[in-house]
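*Asks:* Chain by chain, the residues:
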Amino acid sequence: MSKGWGTALVLGTGTRIENDQIIFSYHTGIASWSPLVGTIGAMSDEYWIHVVATIDGADYKTGSLYINGILQESKQTWGPLYQNDLDLLIGAEPNYTEFDYGWNGMLDDIRIYDEHIDAASAMELFVNTYSEARPTIPEPGMVFLLGLGGLALIRRRKFAAGRS
Amino acid sequence: MFKKLFCLLAVLWIAGGANAALLAHYNFGTTIPSSANQGTVGTAANGVLMNGATIVDIDPSERGVEWALQLSNDSTNPGFANHQYMNITNGDDTWYDTSIGTPLGARSYAAWVRMDTDTTQV
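For the record, the sequence lines run as chains A and W. Position 59 (the first sequence) corresponds to 59 in our numbering; numbering is contiguous. Heads up: take any position in the second sequence, counting from 1, add 1000, and you land on our numbering.
To be clear, the hints were calculated from the coordinates, so they are not data collected in a lab. You may find that some hints are simply not true.
[To be verified] Covered stretches of chain W, going by a simulated chain A footprint (3 or more residues, C-beta under 8 angstroms):
1) 1054-1060
2) 1067-1073
3) 1085-1092
4) 1102-1116
[Said to hold, decoys possible] Chain W is faced by these chain A residues, among others (derived, beta-carbon under 8 angstroms):
5) Ile-23
6) Trp-48
7) Tyr-60
8) Glu-73
9) Leu-81
10) Leu-89
11) Arg-134
12) Ile-137
All values derive from a computational prediction rather than experimental measurement. Just so it is clear, CB atoms sit at the ideal spot from N, CA and C, and this is done for glycine as well.
Let the hints inform the model, and build the full structure from the sequences given.
*Replies:* What follows is the structure, given as structure tokens:
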């Protein structure tokens, strides 16, 4: 997803299969790219990844990247985003002719918000838009959360059994 | 089992976070394949499939209830005009810049992605 010169989430730019990385890059107009890096357990063409990238904070200089609902990186950038009249493309970068960052793979449930998404909302979005048709690779953080959820479920059942 | 766990997680994590305003949503169909014109929210423009990009059925049960955008690109064929993508402003980015407040303004992007690992991201 790109509007050229980083005015949007850029997944192809710098995304490295060998390093199992997802990159969120954007250009501020007064400084170079300010990439945020997220890492997943193992890149696979069997598993889907839910990505959320946000820009907020004072003067809208804070970028954050979430993968499968878990914060990967959040940091300050040099300044506001660069503005241009290029098209917003999904799956390619509009301004380049030689390095165009075409995406190989699938995309689904693409959303653009005009507001900030916080950590709770990023996790909520991941959980609520999950589909069995898009299986996700179990991440360490998700294993912990799933385990926590399982324990809570067991405790609730034991509690219900004790009352009956 | 996983459905129950995800439902429980949803309860655990819904902690009153602010609801962001959804500006554009491209979901490619949940009952029948769309024509990728899923600018279904607000003033979002319809998407245009470029250079052979397709919408494919990804439902393993073959009930045809989940569809996704499939892009296949060739690293040896440079130039974005040669690649498959979806254009959602299509020559007029006014709706996007106006709604999102470019360059200043909070914004968020979300998507489910699946990378083809037998190819090179270009």
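*Asks:* Run every hint past the structure and note whether it holds.
*Replies:* Going through the hints against the structure:
Given a C-beta distance limit of less than 8 angstroms, the hint that chain A covers the segment 1054-1060 of chain W holds, as 4 residues qualify and 3 suffice. Chain A is given as covering the segment 1067-1073 of chain W, and this holds because 7 residues of the stretch bring a CB closer than 8 angstroms to a CB of that chain, at least three being needed. Residues of the segment 1085-1092 of chain W lying with their CB closer than 8 angstroms to a CB of chain A number 7, which satisfies the three-residue condition for coverage. Here the segment 1102-1116 of chain W counts 15 residues with a CB under 8 angstroms from a CB of chain A, which clears the bar of 3, and the coverage holds.
At a threshold of 8 angstroms, the smallest CB-CB gap from Ile-23 (chain A) to chain W is about 10 angstroms, leaving the interface hint violated. Taking 8 angstroms as the C-beta cut-off, the interface hint given for Trp-48 (chain A) holds, the closest approach to chain W being about 5 angstroms. Taking 8 angstroms as the C-beta cut-off, the interface hint given for Tyr-60 (chain A) holds, the closest approach to chain W being about 5 angstroms. A least Cβ separation of about 15 angstroms between Glu-73 (chain A) and chain W goes past the 8 angstroms threshold, and the interface hint is therefore violated.
Taken as an interface hint, Leu-81 (chain A) checks out: its beta carbon lies about 4 angstroms from the nearest beta carbon of chain W, inside 8 angstroms. Look at Leu-89 (chain A): its Cβ gets to within about 5 angstroms of chain W, closer than 8 angstroms, so that hint holds up. Interface restraint check for Arg-134 (chain A): the shortest CB-CB distance to chain W comes to about 5 angstroms, inside 8 angstroms, so the restraint holds. Hint status for Ile-137 (chain A) relative to chain W: violated, with the closest Cβ pair at about 11 angstroms, above 8 angstroms.
Checked against the numbered hints given earlier, the structure breaks hints 5, 8 and 12 and satisfies all the rest.
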